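Undergrad: Combine the two chains into a complex, taking the hints into account.
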Amino acid sequence: GAVVSQHPSRVICKSGTSVKIECRSLDFQATTMFWYRQFPKQSLMLMATSNEGSKATYEQGVEKDKFLINHASLTLSTLTVTSAHPEDSSFYICSARDGMRESKNIQYFGAGTRLSVL
Amino acid sequence: QKEVEQDPGPLSVPEGAIVSLNCTYSNSAFQYFMWYRQYSRKGPELLMYTYSSGNKEDGRFTAQVDKSSKYISLFIRDSQPSDSATYLCAEYSSASKIIFGSGTRLSIRP
Chain A
17 GAVVSQHPSR VICKSGTSVK IECRSLDFQA TTMFWYRQFP KQSLMLMATS NEGSKATYEQ
77 GVEKDKFLIN HASLTLSTLT VTSAHPEDSS FYICSARDGM RESKNIQYFG AGTRLSVL
Chain B
2 QKEVEQDPGP LSVPEGAIVS LNCTYSNSAF QYFMWYRQYS RKGPELLMYT YSSGNKEDGR
62 FTAQVDKSSK YISLFIRDSQ PSDSATYLCA EYSSASKIIF GSGTRLSIRP
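Note that the protein sequences, when read in sequence, are chains A and B.
Quick note on numbering: the first sequence equals residues 17 to 134 in the working numbering.
Quick note on numbering: the second sequence equals residues 2 to 111 in the working numbering.
What the hints contain is simulated information worked out from the structure, not anything from laboratory work.
Fair warning: there could be bad hints in the mix.
Said to hold, decoys possible - The calculated lysine to any residue pairs, modelled on SDA-like cross-linking and capped at a C-alpha distance of 25 Å, are:
1. B:K98 with A:E68
2. B:K98 with A:V78
3. A:K57 with A:F107
4. A:K36 with A:F83
5. B:K43 with B:R110
6. A:K57 with B:S83
7. B:K98 with A:D43
8. B:K98 with A:S89
9. A:K80 with B:I100
Only a predicted model underlies this, so the values are computations on that prediction, with no experimental measurement involved.
This is chain B alone, in the form it adopts within the complex (with noise of 0.2 Å):
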């Protein structure tokens, strides 16, 4: 079993739209829980981090993370073209690694 597990998509949402992106993990000790966004050929970005349960806000993006059932999710309002990117969940874990998703390839179309 991977130690976090993300569907690859594609996800293809009109503009406008909410987006539900999630990642479930296996490991316990992860204290970190990180959103990186990636365009074509560039190094991720990142969006969102939070090391605790429940929800945190930034403008359209809205991180979860529940902990008792090891599930995280990211949330984004009123969709854009220029969301269209591949979402990266990432977990950190005791021994100083981030550990990535594969990576949802999300399609936002006009």
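Just chain A, with the same shape it has in the complex (with noise of 0.2 Å):
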């Protein structure tokens, strides 16, 4: 199946301090990736989609100066986090979407990461 990777697993960093975080589709191009957050036994909060080459559509209150997504090549897109403070403390999760494969509606996330902000 399709596999995702995103990296790092975890972070943990001071507050003011910016996190980047990484998606990599490794054995197709996606056209799309997506950036969720996930708060404890709460289903995902889709925060924006990202095309290949364009910029991100953000969902309604989050902030893209603070959420900063880039999507330069069909395998990889980044997701800073700039700034950060304890109350962006959460689980992040990317997915991709193949647009070429039959199934080309469905996503394939990665395993996610886990920011810690002190």
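TA: Printed below as a string of structure tokens:
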């Protein structure tokens, strides 16, 4: 099956620093990638949709200057949490959609990144 | 009304039992229906997907979709402790976003 690699799996940082999370599709080209946030025992909340070569589309209430998304190639998208604060601590998960496969409307998820801001 | 409703559980059953997980949805435009399994502190893993009414079977898992009732189910036969996880139903809308249910926490007792 399709594999999505997300790195790092765990980040602990001081308040005010920026953190970059990478999401890679390993065996397919991802024309669209998604970034989600998940709080404990809750479902996934879509933050933004990222299309290769264009600006990301952010969901209502998500600060685009706070959560910078770059999708520079068909296999890589990055999420940068700028000037992180304790309230940004959460589980961030990326997913990728393969536009070339028959099941093209299916998203494949990375393993997630647990961010803890001290 | 939420677009997708799912009982959060927790649901606890003995090993070997048949598990039934369910979701209802309100948007008739949904075309694809999926079930994801998520272990604690991991990303969701796609288990099943279907785009038509009826049943789809894969090993011990059966996905059932009833578009007339806007009701989807996932059945797990011969449940194992390793099936203990949170199960998320998901539907794909024409707006190109996956709409997730809140997830049902399942625990299989040895």
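Undergrad: Are the hints correct? Go through all of them and say.
TA: Hints and how they fare:
no.	hint	in the structure
1	B:K98 with A:E68	holds, 16 Å
2	B:K98 with A:V78	holds, 16 Å
3	A:K57 with A:F107	holds, 11 Å
4	A:K36 with A:F83	holds, 10 Å
5	B:K43 with B:R110	holds, 21 Å
6	A:K57 with B:S83	holds, 19 Å
7	B:K98 with A:D43	holds, 22 Å
8	B:K98 with A:S89	holds, 21 Å
9	A:K80 with B:I100	holds, 21 Å
Violated hints: none; the structure is consistent with every hint.
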